[in-house]
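In order, the protein sequence lines correspond to chains A and B. Its first residue numbered 848, the first sequence is counted upward by one per residue in this note's numbering. Its first residue numbered 253, the second sequence is counted upward by one per residue in this note's numbering.
Just so you know, not all the hints are guaranteed correct.
Some chain B residues well away from chain A (every beta-carbon gap over 12 Å; in silico) [what the hints assert, rightly or not]:
| id | residue |
| --- | --- |
| 1 | Ala302 |
| 2 | Tyr309 |
| 3 | Val325 |
| 4 | Leu382 |
| 5 | Asp425 |
| 6 | Val446 |
| 7 | Leu475 |
| 8 | Arg524 |
Reference listing, derived: stretches of chain A covered by chain B, where coverage requires no fewer than 3 residues with Cβ under 8 Å from a Cβ of chain B [what the hints assert, rightly or not]:
| id | segment |
| --- | --- |
| 9 | 899-911 |
| 10 | 1021-1033 |
These aren't lab readings, by the way, just hints derived from the structure by calculation. Using N, Cα and C, we set each Cβ at its ideal position, and we do this for glycine too.
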Amino acid sequence: MSRIALWAVAGAVLGFLLLPLVIIVPTSFSASAYMEFPPRGFSLQWYRNYFTSRAWIEPTLLSIRVAVVTMILSTVVGTLAAFGLVRGRFRGRRVLEFFLLSPMIVPVIVFAIGCYFLFARVKLIDTPAALYLSHSIVATPLVVIIVGSALRTFDRTVEQAARSLGAGYARALWHVTIPLLRPAILSAAAFAFLTSFDEVVLSVFLGGPAATTLPKRMWDNVRHEIDPTITAVASILIAASIVVLATGEVLRRAAERSRTPAS
Amino acid sequence: MAKPRYWSVTEGPLVLPAVLLFTAVYLYPLSRLVAWSFFTPGFSIRHYRALFAEPAYVTAFVNTFDLSVSVTVMTFLLGYPVAYLMTTISPRARAIVLACVLVPFWTSILVRTFAWMVLLGRNGLVNHALAALGLVTTPVALIHNRIGVQIGMVHVLLPLMILPLYSVMVRIDPAWLRAARSLGARPRQVFLHVFLPLSLPGIGAGGALVFLSSIGFFVTPALLGGPRQITIAMLIDLMINDLLNWGFGAALALVLLVVITVFFVVFQRALRLDRVWGGAV
């Protein structure tokens, strides 16, 4: 009896979590000129609008570009930092760790204001560079956490075996350690990409007419005029999240398999 | 015996690129906030004095706090059953439930908030459903007010409650529960006197995470809230983007940062958060 109640309550909560995603997709296929649910008729008009409108496609391309640069920058810097934090033995290690993870706690809007002052000074407001740099700060902690936790459970004996067989430090790292960590690094990269791709606040504060990302375009749209094209954009983004998440999950499982010693 | 030579490579300096990037693009900008809030152009604390003099600003702090507490309580009430259910089902069913939590979590906040705007609008699905059930006769206002922000924020932050709760619950040794049962406790008693107390660290971690995130939350309150739900983050946006009062915006941002830091330190001390989600490295 109580199990049925538990399922009912938990099921309702899961329904609540999925409801917005489930509602937006059918709305995007509506044939009506307005946004409505349940949708009337079926049409691809909003998708056609999206793919043929420069006002939507250019921000999308910029978002992809910013997300790729952010992904590369934060994955490289974050992976190196994870090595330093997990394997280094130096004073102040805990403080540095806290420093590198703290952007997860500092509200993005506070960081955005700080960046605004800095970038206004060096004339970087409304440029992609401002977005590469600021997005990387928000994405790096995730990389440090994901790669760091893979590194902590990493079986160092395989690396030591390579070293004792004559491989230099760099060679052992490149041919043994990195390949074993690859799933964790790739999944960290996927999350870094998604973090940048979905980032709204930094783009709203640091972007402008010359550097409008997709979230900034959506933000302006939602705040001022609601163009139903946004339902198509939203559906595409939901699909993209599912794809990236599924990829990350596959990689994470591969990482777990590779970590269990094949005795 | 001396350590073999190949142990001697030190990897500590690998943190340097990250530290350099963070110092230039994160620490330095945050420190500039201090300068901006105090020196505009000469040293003065007028921005801080204005903060307490104007009732509208005090209201923003009260609103933020009120919203954060209510959202934290609601995410706990909704999240606990889901996390608990996940500990009692088969791995396959658990993977499905987890996917239902993670997919919304990794969907753009803007997309989710926008979807709630559609759902909660005057002609939205929720109003249609309420009318169909005979609960209301005319559409009720569900956005641009307190309930709208709460629904949106609970939706966005719920995964942040469920995930730490689950990670603590899954580590509870079933032997404790069996022991309680074998000593004659009824299921209800086992839950209330054994499981619930053992899950407290998860409640603390999830609650802290949701609360800290709500305090600085911008997107959802800005889109779903009304003029009476101005939060600190919205006030910062107003000062910087509309009123161009940079100094006051900086002062507000700094106060928000201090508030978050104080709460974080208190939570850290009281709940030993690092055992649950911090200290991941």
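Evaluation of the provided hints:
At roughly 17 Å, the least C-beta separation between alanine 302/B and chain A is larger than 12 Å, which holds for a residue marked as non-interface. At roughly 16 Å, the least C-beta separation between tyrosine 309/B and chain A is larger than 12 Å, which holds for a residue marked as non-interface. Look at valine 325/B: its CB is around 15 Å from the nearest CB on chain A, clear of 12 Å, so calling it non-interface holds up. The Cβ of leucine 382/B lies farther than 12 Å from every Cβ of chain A, with a closest approach of about 14 Å, so its non-interface assignment holds.
Residue-level check passed: aspartate 425/B sits 21 Å from the nearest beta carbon of chain A, beyond 12 Å. Every beta carbon of chain A lies more than 12 Å from that of valine 446/B, the smallest distance being close to 16 Å; the non-interface claim holds. At roughly 6 Å, the least C-beta separation between leucine 475/B and chain A is not larger than 12 Å, which violates its mark as non-interface. With a least CB separation of 14 Å from chain A, arginine 524/B remains clear of the 12 Å interface cut-off, as annotated.
Under the rule that three or more residues need a Cβ within less than 8 Å of chain B, the assignment of the segment 899-911 of chain A is violated, with 0 such residues. Restraint check on the segment 1021-1033 of chain A versus chain B: 0 residues with Cβ-Cβ distances below 8 Å, three needed, restraint violated.
Hints 7, 9 and 10 from the earlier list are contradicted by this structure; the remaining hints agree with it.
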